[in-house]
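In order, the protein sequences belong to chains A and B.
Going by this note's numbering, 52 is the number at position 52 of the first sequence; the sequence numbering is gapless.
Going by this note's numbering, 6 is the number at position 6 of the second sequence; the sequence numbering is gapless.
What the hints contain is simulated information worked out from the structure, not anything from laboratory work.
Where a beta carbon is used, it is the ideal one built from N, C-alpha and C, also for glycine.
Misleading hints may appear alongside valid ones.
[Stated by the list, open to error] Below, computed lysine to aspartate or glutamate pairings styled on DMTMM-like, alpha-carbon distance capped at 25 Å:
{"#": "1", "chain 1": "B", "residue 1": "Lys27", "chain 2": "B", "residue 2": "Asp13"}
{"#": "2", "chain 1": "A", "residue 1": "Lys27", "chain 2": "B", "residue 2": "Asp43"}
{"#": "3", "chain 1": "A", "residue 1": "Lys14", "chain 2": "B", "residue 2": "Asp46"}
{"#": "4", "chain 1": "B", "residue 1": "Lys14", "chain 2": "A", "residue 2": "Asp73"}
{"#": "5", "chain 1": "B", "residue 1": "Lys14", "chain 2": "B", "residue 2": "Glu42"}
[What the hints assert, rightly or not] Derived CB-CB ranges, DEER-like:
{"#": "6", "chain 1": "B", "residue 1": "Glu76", "chain 2": "A", "residue 2": "Met1", "range": "29 to 37 Å"}
{"#": "7", "chain 1": "A", "residue 1": "Asp13", "chain 2": "B", "residue 2": "Asp13", "range": "29 to 37 Å"}
{"#": "8", "chain 1": "A", "residue 1": "Gly34", "chain 2": "B", "residue 2": "Glu92", "range": "16 to 24 Å"}
{"#": "9", "chain 1": "B", "residue 1": "Arg86", "chain 2": "A", "residue 2": "Leu36", "range": "30 to 38 Å"}
Residue-level listing of the chains:
2 protein chains.
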Amino acid sequence: MIVMTGSFRIPADKVDTARAHMTAVVKGTQAEDGCLHYSYAEDVTDPGLIHVTERWTSHEALDAHRTAPHLADWREMFAELGVSERNLTLYETDEGVML
Amino acid sequence: MIVMTGSFRIPADKVDTARAHMTAVVKGTQAEDGCLHYSYAEDVTDPGLIHVTERWTSHEALDAHRTAPHLADWREMFAELGVSERNLTLYETDEGVML
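Next comes chain A alone, as it looks inside the complex:
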């Protein structure tokens, strides 16, 4: 399985403006084949720092995601929303154990 974690930053005063755009890409991605989890969440200690968590069944599913129209729409907003400090790390994992 693939787990991805990372973050990006939005100026704290633009998070509410960005929320509808983030919701669109999150909901669109959650509906993709092979997407097990996709969330954007604002750090409770650092306003404007948005954590990204993803889980995918395969690299093929992830490759398809990269050309999804909702992802392109979201990226088009980066300059206007002031998105910065983007980072994302991909981990190859086992199936996981629920604690």
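Based on these hints, arrange chain B on the given structure of chain A.
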């Protein structure tokens, strides 16, 4: 390496009350030996849903975390804050690839 992802829920109107308590356990845990990442973050589409992301160097480091005093302090607040729907999954991973 170990990656952990999960979430818990706080009534949305208690998130601001909970913030100081969450900050204490997050900062305390980030300072622990073997902790590579520890964050709590509120879902941008679902107020009150707090995503947990952790990375640890080893099971030994994670075992030590389980008895940390800041974690005990945080757990003592669960009833008062109405914490529910707690879940956490542990993945054994490779070192990851930054995208």
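Hint check:
Pair hint Lys27 of chain B plus Asp13 of chain B holds up; C-alpha atoms about 23 Å apart against a cutoff of 25 Å. Using a Cα cut-off of 25 Å, the hinted pair Lys27 of chain A and Asp43 of chain B holds, with the two alpha carbons roughly 12 Å apart. In summary, the hint linking Lys14 of chain A to Asp46 of chain B is supported, as the alpha carbons are separated by about 18 Å, within the 25 Å threshold. With a C-alpha separation of about 33 Å, the suggested pair Lys14 of chain B and Asp73 of chain A falls outside the 25 Å cut-off, and the hint is violated.
With a C-alpha separation of about 12 Å, the suggested pairing of Lys14 of chain B with Glu42 of chain B holds against the 25 Å cut-off. Range check, Glu76 of chain B to Met1 of chain A: about 34 Å between beta-carbon atoms, so the 29 to 37 Å window is met. Separated by about 22 Å at the C-beta atoms, Asp13 of chain A and Asp13 of chain B break the suggested range of 29 to 37 Å. Look at Gly34 of chain A against Glu92 of chain B: about 21 Å separates their beta carbons, and that is inside 16 to 24 Å.
The beta-carbon spacing between Arg86 of chain B and Leu36 of chain A, approximately 19 Å, falls outside the hinted interval of 30 to 38 Å.
In summary, the structure is inconsistent with hints 4, 7 and 9 from the numbered list given earlier, while agreeing with the others.
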